[in-house]
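Engineer: The primary structure of each chain is shown beneath.
Number of protein chains: 2
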Amino acid sequence: MTMQKILYTNDISRAVTSLVDEMHPATVHIITDSNVEREVLPKLDLPYPVIVTEPGDVAKNLDSLSHIWSELINGGATRKSLVINIGGGVVTDMGGFAAATFKRGIRFINVPTTLLSAVDAAVGGKTGINFNGFKNEIGAFAPADAVVISTSTFATLPCVELLSGYAEMLKHGLLSSEEDYNELLAFDIVNADLDRLLPLLEKSVKVKERIVEEDPREQGIRRALNLGHTAGHAFESLALERNAAVPHGYAVAWGILVEMILSNFAEQFPSAELYRYANYLKEHGYGTPAITCDDYPRLLALMSHDKKNDTPDHINFTLLSRPGTPLIDRTATPDHITESLDIFRDLMGV
Amino acid sequence: MTMQKILYTNDISRAVTSLVDEMHPATVHIITDSNVEREVLPKLDLPYPVIVTEPGDVAKNLDSLSHIWSELINGGATRKSLVINIGGGVVTDMGGFAAATFKRGIRFINVPTTLLSAVDAAVGGKTGINFNGFKNEIGAFAPADAVVISTSTFATLPCVELLSGYAEMLKHGLLSSEEDYNELLAFDIVNADLDRLLPLLEKSVKVKERIVEEDPREQGIRRALNLGHTAGHAFESLALERNAAVPHGYAVAWGILVEMILSNFAEQFPSAELYRYANYLKEHGYGTPAITCDDYPRLLALMSHDKKNDTPDHINFTLLSRPGTPLIDRTATPDHITESLDIFRDLMGV
Numbered sequence: 007m008t009m010q011k012i013l014y015t016n017d018i019s020r021a022v023t024s025l026v027d028e029m030h031p032a033t034v035h036i037i038t039d040s041n042v043e044r045e046v047l048p049k050l051d052l053p054y055p056v057i058v059t060e061p062g063d064v065a066k067n068l069d070s071l072s073h074i075w076s077e078l079i080n081g082g083a084t085r086k087s088l089v090i091n092i093g094g095g096v097v098t099d100m101g102g103f104a105a106a107t108f109k110r111g112i113r114f115i116n117v118p119t120t121l122l123s124a125v126d127a128a129v130g131g132k133t134g135i136n137f138n139g140f141k142n143e144i145g146a147f148a149p150a151d152a153v154v155i156s157t158s159t160f161a162t163l164p165c166v167e168l169l170s171g172y173a174e175m176l177k178h179g180l181l182s183s184e185e186d187y188n189e190l191l192a193f194d195i196v197n198a199d200l201d202r203l204l205p206l207l208e209k210s211v212k213v214k215e216r217i218v219e220e221d222p223r224e225q226g227i228r229r230a231l232n233l234g235h236t237a238g239h240a241f242e243s244l245a246l247e248r249n250a251a252v253p254h255g256y257a258v259a260w261g262i263l264v265e266m267i268l269s270n271f272a273e274q275f276p277s278a279e280l281y282r283y284a285n286y287l288k289e290h291g292y293g294t295p296a297i298t299c300d301d302y303p304r305l306l307a308l309m310s311h312d313k314k315n316d317t318p319d320h321i322n323f324t325l326l327s328r329p330g331t332p333l334i335d336r337t338a339t340p341d342h343i344t345e346s347l348d349i350f351r352d353l354m355g356v
Numbered sequence: 007m008t009m010q011k012i013l014y015t016n017d018i019s020r021a022v023t024s025l026v027d028e029m030h031p032a033t034v035h036i037i038t039d040s041n042v043e044r045e046v047l048p049k050l051d052l053p054y055p056v057i058v059t060e061p062g063d064v065a066k067n068l069d070s071l072s073h074i075w076s077e078l079i080n081g082g083a084t085r086k087s088l089v090i091n092i093g094g095g096v097v098t099d100m101g102g103f104a105a106a107t108f109k110r111g112i113r114f115i116n117v118p119t120t121l122l123s124a125v126d127a128a129v130g131g132k133t134g135i136n137f138n139g140f141k142n143e144i145g146a147f148a149p150a151d152a153v154v155i156s157t158s159t160f161a162t163l164p165c166v167e168l169l170s171g172y173a174e175m176l177k178h179g180l181l182s183s184e185e186d187y188n189e190l191l192a193f194d195i196v197n198a199d200l201d202r203l204l205p206l207l208e209k210s211v212k213v214k215e216r217i218v219e220e221d222p223r224e225q226g227i228r229r230a231l232n233l234g235h236t237a238g239h240a241f242e243s244l245a246l247e248r249n250a251a252v253p254h255g256y257a258v259a260w261g262i263l264v265e266m267i268l269s270n271f272a273e274q275f276p277s278a279e280l281y282r283y284a285n286y287l288k289e290h291g292y293g294t295p296a297i298t299c300d301d302y303p304r305l306l307a308l309m310s311h312d313k314k315n316d317t318p319d320h321i322n323f324t325l326l327s328r329p330g331t332p333l334i335d336r337t338a339t340p341d342h343i344t345e346s347l348d349i350f351r352d353l354m355g356v
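Residue numbers (the working numbering), protein chains in the order written: chain A, 7 to 356; chain B, 7 to 356.
The following block holds chain A by itself, in its conformation from the complex (with noise of 0.2 Å):
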């Protein structure tokens, strides 16, 4: 897989601008969804046709992807047209997809236009849709051509989408290096200065490009990028099944937790640590899971359930011997969960 070309900037305009000229597309098409429409596109005045899809994860279908297609038809798109996505992680995915598979492929360009997406979806290569109630089930490992990251359309963010892109930087940064990791720990990212945060992003994005260059299609090191993840997609699809859907971040960012008090049980990770971290989540805002030890048995089956796990009695984790020293393939058993979940919730105050 080729290195994805990217882009650091304050002025998203003139990237895309001076992308554009120098690939020399035989059309451009942009894609976003009707908030980015909204709310983005005005300021960036892109002299370029746009194709909108409805907003939201509920949008990331066959029929969302099935009116990008026919669009780009009505648009006189050709195997030398670019496609530019511009929005959050649903549009880049989905945008990407669609841009991967029109005429067997054609060049695209992501715009991430929310923390996590600049993080976590813009970069990689991995496109798809959801199809049957199945997350990401459709999909194909096409990196953009270009990836355009500013923190400039961060102003108008909600706070709770940047606590949830944060959430995937301090894991980049335990993933990375103690020096990552301490800087980002003391960033305030609830009142965070887009300046300071733009060179912080670059470092994060480059740990995962670093990592999906070194294994794209995730047979190795790239599962370390799911630190935090197995847990955290418990949470996630706990509170789902309870029509109270918590921020994907933020479920990460407890997963974390979790899987670092795993990580002290069996690979000496340091308690200092543990509250270190624990105390950067409470007093950014990120909340806690409503929980108690009754859902302890559902979290463990939605855990052994996670499509990187084989055997509900050895789950698979990615673990830390201490910041900055992932160890993948590694397994905890349902007595050691038990265990962190009950330290997790003293240390959160659950």
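None of the hints are false.
Calculated lysine-lysine pairs in the BS3-like style (CA-CA distance at most 27 Å, straight line):
{"no.": "1", "chain 1": "B", "residue 1": "LYS141", "chain 2": "A", "residue 2": "LYS86"}
{"no.": "2", "chain 1": "A", "residue 1": "LYS49", "chain 2": "A", "residue 2": "LYS11"}
{"no.": "3", "chain 1": "A", "residue 1": "LYS212", "chain 2": "A", "residue 2": "LYS141"}
{"no.": "4", "chain 1": "A", "residue 1": "LYS209", "chain 2": "A", "residue 2": "LYS11"}
{"no.": "5", "chain 1": "A", "residue 1": "LYS141", "chain 2": "B", "residue 2": "LYS86"}
{"no.": "6", "chain 1": "B", "residue 1": "LYS212", "chain 2": "B", "residue 2": "LYS11"}
Treat the hints as calculated values from the structure; they're not laboratory data.
Following the hints, put chain B in place on chain A, whose structure we already have.
Structural biologist: Relative to chain A, chain B alone:
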């Protein structure tokens, strides 16, 4: 793009079984159409569940694709599952695309059951479906993990199917060498000895493999595989417009002759070869297109609308300086094309 593993065999079941043993997939799913299910599968007697689509190019659409994806989910397919596409080009194209996009890509084997799909569609990594009336508009470059090629399913094929596939073999011979081409002209495809056909087919597939390997994304020499197709598609489309469809392979066989004549004008392709080739077509029942000189303007318009062409004044062709020596990215003027259609009609007695 990695080389595909291609097995040439008279025992499909044994070849498939040994491939499955090697790959030890989580689950195995056969994709086929209802004709092949009835005519071929009972003879193969493979112990895997079958996903059946409607036969024919009209079924190569998003609904069928969606049906295949759903059936893979219902059948418990995981990332480690294996799809076996058994059928003609529609099945291998659509089944390949379904596999290439299910959970961002699972492994698949192609077992072409027609000569045309054996020689053409099953090799080279082009997968896809028709969309909004456009052929192969949606798809991906995704080579099969293995292809099992056998002539054993051809015994019950109607003659028109064999002739169609053989046109692509003649094309490969013309792209390869005088010797290969002569061997093909010496073989009687109408009363085909299937055991003798298998080594000829192997040679033919290897020509395509070699070209595709050199240029997987069709940026150069792979365009040589378009020999006969610019004029051929025009014959095919004209016939379709008149509700009198002609077999794809017949149209290609005719198109090759038109492009040989253009090659004679522009590249000194030997005149004697025009007669020799035209005689093979006439003696083996390829028929002729129902055209008069009144159809030339429409044929020219169709050629200039072919996706490889940019301007109507210089239409792009693959030409030949002699059998075995293709020349890509050549152009011809409308006058030369008109003249070549006159000579084509003379040679074929239209």
